[in-house]
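Once you've looked at the hints, dock chain U against the given chain W.
Residues per chain are reported as follows:
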Amino acid sequence: DAGVTQSPTHLIKTRGQQVTLRCSPKSGHDTVSWYQQALGQGPQFIFQYYEEEERQRGNFPDRFSGHQFPNYSSELNVNALLLGDSALYLCASNQMTGRGDYGYTFGSGTRLTVV
Amino acid sequence: AQKVTQAQTEISVVEKEDVTLDCVYETRDTTYYLFWYKQPPSGELVFLIRRNSFDEQNEISGRYSWNFQKSTSSFNFTITASQVVDSAVYFCALSTGFQKLVFGTGTRLLVSP
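Respectively, the protein sequence lines represent chains W and U.
For the first sequence, our numbering assigns the number 1 to the initial residue and increments by one for each residue that follows.
For the second sequence, our numbering assigns the number 1 to the initial residue and increments by one for each residue that follows.
This is chain W alone, in the form it adopts within the complex (with noise of 0.2 angstroms):
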């Protein structure tokens, strides 16, 4: 059973241009989130997708934007980096079925370095 897939795994861009960064949820759950985790803190909410529309969002700024397709993929795109934008960002996948099981697994993460 494959767990939460990221890509890429590393990037590197410089300051002002876009980046993109994937995501594929464990095998049978359909809601995605996103999370930056800066170097020494621990992970920051972006926002969630369940149904391909964006559940929830933290106190992250428009560059931030994201999509869920069809088979519960997930992109993040960031718009016009910014140095503080360097982190390692998270992907986190869960079910959304109501029934009380919140199990949120978590994906190896893209480490994005913007010079």
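Simulated from the structure, these hints should not be mistaken for lab results.
Quick caveat, the model's predicted, so the values are computed rather than measured.
Please note that a few of the clues may not be correct.
For each label pair, taking beta carbons as the anchor points, the in silico distance ranges come out as [stated by the list, open to error]:
1) W:His-67 <-> U:Val-14: 45 to 51 angstroms
2) U:Asp-29 <-> W:Ile-12: 22 to 28 angstroms
3) U:Asp-55 <-> W:Ile-12: 42 to 48 angstroms
4) U:Ala-7 <-> W:Thr-9: 29 to 35 angstroms
5) U:Val-84 <-> W:Asn-59: 35 to 41 angstroms
6) U:Glu-17 <-> W:Gln-56: 48 to 54 angstroms
7) U:Asp-55 <-> W:Gly-16: 48 to 54 angstroms
8) W:Thr-5 <-> U:Thr-20: 30 to 36 angstroms
9) W:Asn-79 <-> U:Val-13: 41 to 47 angstroms
10) U:Lys-16 <-> W:Pro-70: 30 to 36 angstroms
Sample of chain W residues with no beta-carbon within 10 angstroms of chain U, all distances over it, derived [to be verified]:
11) Ser-27
12) Phe-69
13) Val-114
Below, a sample of chain U positions facing chain W; criterion: calculated Cβ distance under 7 angstroms [to be verified]:
14) Ser-42
15) Glu-44
16) Leu-45
17) Ser-73
18) Lys-100
19) Phe-103
20) Gly-104
21) Gly-106
For each residue, glycine too, the CB sits at the ideal point set by N, CA and C.
Structure of chain U alone, referenced to chain W:
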């Protein structure tokens, strides 16, 4: 607002010592979920345990045990007889329903042989 505090930034122990990681949380919700995750150098967050706010029964799983006390808003995690492989960053997190996970700043555990 929800908040998770992990006051211990880094803990160093020698193998076979017991170690407790502290977690204090804040929420106004009566229904919530608490989590512990382990993050090895590879970066992936490894799920360890989830407790809901209605279940204060403490749990033991092998060398791991958890102490959940609503009266003090704490959800502490103990590793008995620590091993070098336990070295990692440990995160406590809080969630209400299908909402976002709110993480603490993490505790780095270093277990030396």
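Results for each hint:
| no. | hint | result |
| --- | --- | --- |
| 1 | W:His-67 <-> U:Val-14: 45 to 51 angstroms | holds, 49 angstroms |
| 2 | U:Asp-29 <-> W:Ile-12: 22 to 28 angstroms | violated, 41 angstroms |
| 3 | U:Asp-55 <-> W:Ile-12: 42 to 48 angstroms | holds, 45 angstroms |
| 4 | U:Ala-7 <-> W:Thr-9: 29 to 35 angstroms | holds, 32 angstroms |
| 5 | U:Val-84 <-> W:Asn-59: 35 to 41 angstroms | holds, 38 angstroms |
| 6 | U:Glu-17 <-> W:Gln-56: 48 to 54 angstroms | violated, 41 angstroms |
| 7 | U:Asp-55 <-> W:Gly-16: 48 to 54 angstroms | holds, 49 angstroms |
| 8 | W:Thr-5 <-> U:Thr-20: 30 to 36 angstroms | holds, 34 angstroms |
| 9 | W:Asn-79 <-> U:Val-13: 41 to 47 angstroms | holds, 45 angstroms |
| 10 | U:Lys-16 <-> W:Pro-70: 30 to 36 angstroms | violated, 52 angstroms |
| 11 | Ser-27 | holds, 16 angstroms |
| 12 | Phe-69 | holds, 20 angstroms |
| 13 | Val-114 | holds, 18 angstroms |
| 14 | Ser-42 | holds, 6 angstroms |
| 15 | Glu-44 | holds, 4 angstroms |
| 16 | Leu-45 | holds, 4 angstroms |
| 17 | Ser-73 | violated, 18 angstroms |
| 18 | Lys-100 | holds, 4 angstroms |
| 19 | Phe-103 | holds, 3 angstroms |
| 20 | Gly-104 | holds, 6 angstroms |
| 21 | Gly-106 | holds, 5 angstroms |
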